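Enquirer: Sequence:
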Amino acid sequence: TLIKVVLGLLLPDGGEVVLEEGGARRRPQGHEFGVLLEGSRNLYVNLSLLVNALYFGGIRGLPPREVRPRFEAWLERFGLKDRLHAPLASLSRGMQQKAALALALALKPRFLLLDEPTLGLDPVSRREFEGILLELKKEGWGILLTSHDLEVVERVSDRVAFLHRGEVRRQGPTRALLRDWAGEGYRVRLAEPKAEALLQALGPGWSAEGPEVLFFLGPWEALREALGTLPVEVLEVSRGTPSLEALFLHLFGEARPSPGAQPRTV
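Mapping the sequence shown onto UniProt numbering, position 58 (from 1) lands on 58, and the numbers just tick up by one.
Think of the hints as simulated: they come from the structure by calculation, not from any bench. Zero decoy hints are in this set.
DSBU-like, lysine-lysine: derived pairs with alpha carbons at most 35 Å apart:
1) Lys81 to Lys108
2) Lys138 to Lys4
3) Lys108 to Lys138
4) Lys108 to Lys137
5) Lys4 to Lys108
6) Lys137 to Lys81
7) Lys81 to Lys138
8) Lys137 to Lys4
9) Lys4 to Lys81
Note that the structure is predicted; figures quoted are calculated from it, not measured.
Using the sequences plus the hints, can you model the full thing?
Expert: This is the structure we're talking about:
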């Protein structure tokens, strides 16, 4: 919804979208954005990558002689140049995401709007795509990312906003948000790799940091009570700083986020 509002496809119930540059404020134009929609929905699956690029470039008023070399350069950078004439449907999910991002970049946008870019990717593709985002960030690209993948958000974002039921509930620099909670949580190391299996029974405030490590953000009394009910031996309990996911669970008191749930991280 947020991305559609930014693009002008939906009208907001209130407020407005503005860009601030050199102290001036103005409304953004659609051509200033490169967009990657969840599930690579900004490309036609039965068309080749090249035809997709030329088609969408034409919509932007960009001639093929400009679009094709830029698109090929981005495909080469992402390891997909040999798939230039392949239909999108023939590619893996990770390749489709990279192809969609290559197209968004080839259209010469000023900003990137990325909706769930890592959703559905296997761990290797997910980490690879994360690396691409970090590279683009270092090169100075402005990126608005919406995602439920809080691990990726924590590693790539400079600023975070939690959206819940249409409202921004928390926002600020990512590191500052976590620093405010430094040492406020508890890391619980288990004797068996059952952290994920225990989460549902433990309830709000808990997250898993690995097969044998749980994290709790809350009062010591609640932790002590929960430890007494664990069916697994506890090897160690230590103070720790929460991850973004642990902070999310503490602030909203809900189950672990899933692609169909709210709130969202931006």
